[in-house]
Each structure stands twice: as C-alpha cells, then as structure tokens.
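Engineer: Protein sequences, first through last, are from chains G and B.
Read in our numbering, the first sequence has 177 at position 177, and its numbers run on one by one without any break.
So the mapping is simple: our numbering equals the position in the second sequence, first residue as 1, plus 321.
Derived from the structure by calculation, the hints contain no laboratory data.
Don't take every hint at face value.
As the list claims (entries may be wrong) - If you want a taste of the chain B side facing chain G, the calculated C-beta under 10 angstroms gives, among others:
#1 Ser375
#2 Asp376
#3 Arg441
#4 Arg447
#5 Arg486
#6 Trp501
#7 Val505
#8 Trp508
#9 Leu573
#10 Pro577
#11 Asp580
Unchecked claim - DEER-style ranges, computed between Cβ atoms:
#12 B:Arg549 - G:Arg228: 37 to 45 angstroms
#13 B:Glu348 - G:Arg88: 41 to 49 angstroms
#14 B:Gly331 - G:Glu35: 39 to 47 angstroms
#15 G:Lys310 - B:Asp397: 43 to 51 angstroms
#16 B:Ala354 - G:Ala20: 29 to 37 angstroms
Said to hold, decoys possible - Under the rule of at most 25 angstroms between Cα atoms (straight-line distance), these lysine-lysine pairs were calculated in the BS3-like manner:
#17 B:Lys427 - B:Lys444
#18 G:Lys245 - G:Lys310
#19 G:Lys123 - G:Lys219
#20 G:Lys19 - B:Lys444
#21 B:Lys405 - B:Lys558
#22 B:Lys340 - G:Lys123
Yeah, the Cβ is synthetic: ideal placement off N, Cα and C, and Gly gets one too.
Number of protein chains: 2
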Amino acid sequence: MYSMEEVFAGYNRRQATLKASSNRYAEGVAWVAGELVPLDEARIPILDQGFLRSDLTYDVPSVWDGRFFRLDDHLDRLQASCEKMRLRIPLDRNTLRQTLIDMVAKSGIRDAYVELIVTRGLKFVREYQSYENNLYLMVMPYVWAMPPQVQLTGGSAVVTRTVRRTPPGAMDPTVKNLQWGDFVRGWIEAMDRGAVYALLPDGDGNITEGGGYNIVVIKDGVLRTPSRGVLEGVTRKTVIEVAAKLGLETLLDFVPVDDLYTADELLICTTAGGVMPLTELDGRPVGGGQVGPLTRRIWEGYWKAHYDPKHSFEIDYPASA
Amino acid sequence: MYSMEEVFAGYNRRQATLKASSNRYAEGVAWVAGELVPLDEARIPILDQGFLRSDLTYDVPSVWDGRFFRLDDHLDRLQASCEKMRLRIPLDRNTLRQTLIDMVAKSGIRDAYVELIVTRGLKFVREYQSYENNLYLMVMPYVWAMPPQVQLTGGSAVVTRTVRRTPPGAMDPTVKNLQWGDFVRGWIEAMDRGAVYALLPDGDGNITEGGGYNIVVIKDGVLRTPSRGVLEGVTRKTVIEVAAKLGLETLLDFVPVDDLYTADELLICTTAGGVMPLTELDGRPVGGGQVGPLTRRIWEGYWKAHYDPKHSFEIDYPASA
Chain G
1 MYSMEEVFAG
11 YNRRQATLKA
21 SSNRYAEGVA
31 WVAGELVPLD
41 EARIPILDQG
51 FLRSDLTYDV
61 PSVWDGRFFR
71 LDDHLDRLQA
81 SCEKMRLRIP
91 LDRNTLRQTL
101 IDMVAKSGIR
111 DAYVELIVTR
121 GLKFVREYQS
131 YENNLYLMVM
141 PYVWAMPPQV
151 QLTGGSAVVT
161 RTVRRTPPGA
171 MDPTVKNLQW
181 GDFVRGWIEA
191 MDRGAVYALL
201 PDGDGNITEG
211 GGYNIVVIKD
221 GVLRTPSRGV
231 LEGVTRKTVI
241 EVAAKLGLET
251 LLDFVPVDDL
261 YTADELLICT
271 TAGGVMPLTE
281 LDGRPVGGGQ
291 VGPLTRRIWE
301 GYWKAHYDPK
311 HSFEIDYPAS
321 A
Chain B
322 MYSMEEVFAG
332 YNRRQATLKA
342 SSNRYAEGVA
352 WVAGELVPLD
362 EARIPILDQG
372 FLRSDLTYDV
382 PSVWDGRFFR
392 LDDHLDRLQA
402 SCEKMRLRIP
412 LDRNTLRQTL
422 IDMVAKSGIR
432 DAYVELIVTR
442 GLKFVREYQS
452 YENNLYLMVM
462 PYVWAMPPQV
472 QLTGGSAVVT
482 RTVRRTPPGA
492 MDPTVKNLQW
502 GDFVRGWIEA
512 MDRGAVYALL
522 PDGDGNITEG
532 GGYNIVVIKD
542 GVLRTPSRGV
552 LEGVTRKTVI
562 EVAAKLGLET
572 LLDFVPVDDL
582 YTADELLICT
592 TAGGVMPLTE
602 LDGRPVGGGQ
612 VGPLTRRIWE
622 GYWKAHYDPK
632 HSFEIDYPAS
642 A
C-alpha cells in the first residue's frame, strides 16, 4: 500500500487535479506583512537583513495528501533556532499555526512545501533591541529534491573534493540557515562531475550533509548518520523511528568519508523529497547499484507515517478550493 | 587639510545640505528590474535565490564629496566574484557604470554607500544554464561602520571566543558574500562583552577579519594584515598604498591572534567607514590606548586619496539635485 509505485500514483492523481485548478493560489501563496499574495508576485523589502546579511533562520514542514506532517516538530525547531539567534517570531504559536493551515486550505494544495522564514528585520544586528523581526510564510506545491522517477532507481552523488562543509564553530548547522555557499559550490562540482547530489566532508575526514539533506549509511543492517556538523533533521528523526520499528539500529556518530564507499546502501533524506536512495557514488555503484531492500522498507515506512495521527492531521479544505 | 576634524567638518556640512534636500531619492535610491525607486520602497521577489539561498555576490564602492572612488576596482572585483560563482552581470560594464553614476547624480547624495548585488535569479543553481541572474543596485547616504565621533578616540573590539571565521574551504572569502552568520554571532558576542567590533580567528590560531572589514596590526613601524581567509579589500589596498608612500612596509601573511595583544596600533578598514582605529581590545588598551601616530597618518592619506584623479572622478550632479 506504500510502495513507491502506489505512493507516486496517488501523488500524480492529486497533482493532475491541482494543475486543473483555477485557484489563484494553486501555484503557491505567500504571507508577507499580514497579506496573502500569489507566490510569484510576493516581494520583500530589499533592505531586509535577511537578504542583506542572510541574517535569518527558517524551517520547512510539509503537507502530504491533505495532511500536515510533524508541523509541531518543525515549529519547535524554528523556535529553538530563533532563540539561539536572538530572533523572535512576530506571531504567537497558535496564530502562526492557524495562518499556515489557512494558507494551505485556501490554496487547495494537497501536497505542499511550506516555508517559514524569520529575519532580523530592517535593522542591522548591532542595533540590538531596536529592531522588529520579520516573518515570511510560503506554501507551494511539494518540492522534490529528488524527483519520483529518479527515486525509483536512485540518484547519483559525489563526495565533494573542492569544498568542505562550513564548520559548527563558524555557523551552527542545527540553526537552520540559508547560507548555502558551500552547498552551491558542492552542486556546481557535482554537475561538473556528471552527478546531481553533493555530499560534503567536514575537512577532518568525516562526512556531514548536503544542501538541505541528511546522509544515512547502511552497512550490515545498521544505519549510521553524522551526529555533528549537521542539521538535526525532522525527516532523519522519522527515518530513525521507522528503522527502529523495523528492528534496525541507528548510530549517531562521526561517519568517516571512507564508510560511504563500503556501504551496502546509501540514502539522503529531507522534508522536500523524503527518503532518497543514492545508487551511484563518485561514478561507481553503491552496493549492488540498485535501491536496496532496507532503503525500500524505510521508504515505505516513511510515507506510511504521514497517515499516522500521532504525526499528522487532516486539513479542512473549503469545497471551493 | 585632511585631519579627522577637517574631513568630518566637510562631511557634516554636506550632510546638513542633504538633510535639507527635498529630492525624493535623498535617503536612497534602488535600481530593481530597470526601474528607479526610493530605497525604502524597493522590493525584490521573495523567490529570488539571493534571498532563498543567499546565492549571490556583491560589492560596495563609495562616493565621497561628489567623487566616485575606485569604482573600477570594485567593478573588477565584482566581475571576478561572478566568474568564480558562474554568475553573469546582466548589464554590460559601461551601462552598469553609467547607471550607477546616474543614480548618484539623481539622488544628489554627495557621500554615498553604493551597493551592487548579483543573485542567481529566480531559478535554483541546479537548473544550470536555464537561469537569468538578477542585479540590484542601491545608492544611499554614506554608511559608517565606525561613526566619526568614535573614530576620534577609537573603537572597542574583541577577538571572538565563541565563533571562528568560515574557512575558505567552505566559502571563499575573496568572493564577497552576504553569508554573515559567523559575523552576526561575532557581533552578538562583542555586544555581550561590552564591545562593538568582533575580530574572528580562523580556528588555527590566526586572526582573519570582521564583518566587512580587514584587520591591520602595526608593530615597530610595520603593518601586517592576513593574507588568507579574508576579503581582498579595496580599502586595504588603499591603506597599503598610502602606507608605502609614507615609507611603511606592509606584510601580507598569517597573523597570529597573539600579535593583536602586543600591537602598537590596531585598525580595521572598509569602504563603509574607511580607516577605523581600534584602541581597546578585550577590555584593555591597545598600545597607549589612543589613536596612534601611524594610524593617524594613514587615516589622513586615505581621505586625501579620494581627491586623487588616479582613483576618483567627479560626478556631474544636475542643478536640481
């Protein structure tokens, strides 16, 4: 019931409905300064420090098949990121939650990528205590860091050799940020080397993460994922929970780069795409070069979890949406 | 003729004129998608990757007393940054140059901070070859990273102990970028410790730079400034040239953090503020705790250089501006 083929078939049916929709927010909606606008018309002040210094934090929950998934986990993390950066979300939790639900409902989007960005506001960080932080919200059709057709056979990645991940001592990766200079360099290197996904080392021989996704190595039935220098992913958390239900242990630890080349299976995971198998690394097959059996079971468990009332709730779409 | 008192007096006179101006661009003007708008009304698409991934580069030339200063040095550096990031400035060099000059002339601003930002555009970096890069231009009244009244006696800095500079292996600091997460952490630490300026170490015992400024250590009549892990500052270049004219040598090398504590004089430098003396470090006086004699001579030479036709040219303001 949650095989790749079935999950994607359901998604494709809903996509076809969305594409036929005449809802003005069907291609996305943004909330800026309290107003809803179609996403491609949304504008922010050029003077926002979120643009002029990337002085912001953000988070990305998702909606799947009309259900908000782990919304509170994402809001908790956003709150924690804001506290570390001395930012304050300008809406209280209930209003924020309800605004997001309303946006999704009004858009009619059944599978959504939802982005919340909190910026320093119009004043420079040094003007401490005199600034009002800004909030921007976006709801758009679900984004695939790895498209469905690629997930069927697995993606192609490289371990970057021209760029390392920004270390936690410079920028704390547990504070979700949009300072993606290292990831951008990674993608450019991956493209140059005929691959798509960049996996960044930490400069000390360990792997970290890629642009928005955690990395999980599977070897001898055990999952390993970096404990340090990475985002504490909500999708990663779900993967660990799903694996545990399958009787599989996950170790959070340093993961030497070399372990990627001897892995049985390799996957990357993020809210925008879910559990994404990698079947080629540096031009060579990972394990047998096909989506592995444990990856497949975790994949199915991941999408099944989206219907678990512990983790998700149904959105009440108006009939007109 | 170029003493602090004289230079600031001239600036204050021009400021008074600007403040009395009824020019609609007197507080700043932006160029967005080919249109000029007052700066505080300027907006950019929320979907610009310059906001959503800080996928951009930028540069900041300045105008002083009605003269553009080292504009071509800044345009050269911007061009080099774009090439490293595979970005293309959407205007040719002459049009870009002329647009900036027109903006300054129309604003009537005689002392200006001028910012050029080139972003990836609306499409994600992975969609290589299908995107159009975006350009944003801003002209605003001169920005002081250290206000004149503070320059008279010198600023107070800390060497950060909670944050290190992002290493070149993660993000190349010679590509001027707005990913200031490490600097923001530095400023917060500086504020918490009762200082203003944060000087970031490289994590290996050497000093690098602060948010937008290079660091110069003066000891026994010799200037030293980091060669690695820092922006190749245009102001730093001018400082080196001015020092050479004064018969002072500048060494570009690793600069151990410890050397800051035994310096005779310490300065930071950037286009937004020029040569800025630091007279307190970690709560203790630098050298004699006053603006030092060599800093003062370099300071005067720096502002004098703004009238050198080799480095600057006069802007032709319309009578109405």
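Engineer: Indicate, hint by hint, whether the structure satisfies it.
Structural biologist: Now the hints, each set against the structure:
no., hint, in the structure
1, Ser375, "holds, 4 angstroms"
2, Asp376, "holds, 5 angstroms"
3, Arg441, "holds, 8 angstroms"
4, Arg447, "holds, 5 angstroms"
5, Arg486, "holds, 6 angstroms"
6, Trp501, "holds, 4 angstroms"
7, Val505, "holds, 5 angstroms"
8, Trp508, "holds, 5 angstroms"
9, Leu573, "violated, 22 angstroms"
10, Pro577, "violated, 18 angstroms"
11, Asp580, "violated, 21 angstroms"
12, B:Arg549 - G:Arg228: 37 to 45 angstroms, "violated, 25 angstroms"
13, B:Glu348 - G:Arg88: 41 to 49 angstroms, "violated, 27 angstroms"
14, B:Gly331 - G:Glu35: 39 to 47 angstroms, "holds, 45 angstroms"
15, G:Lys310 - B:Asp397: 43 to 51 angstroms, "violated, 58 angstroms"
16, B:Ala354 - G:Ala20: 29 to 37 angstroms, "holds, 32 angstroms"
17, B:Lys427 - B:Lys444, "violated, 33 angstroms"
18, G:Lys245 - G:Lys310, "holds, 15 angstroms"
19, G:Lys123 - G:Lys219, "violated, 49 angstroms"
20, G:Lys19 - B:Lys444, "holds, 21 angstroms"
21, B:Lys405 - B:Lys558, "holds, 21 angstroms"
22, B:Lys340 - G:Lys123, "holds, 21 angstroms"
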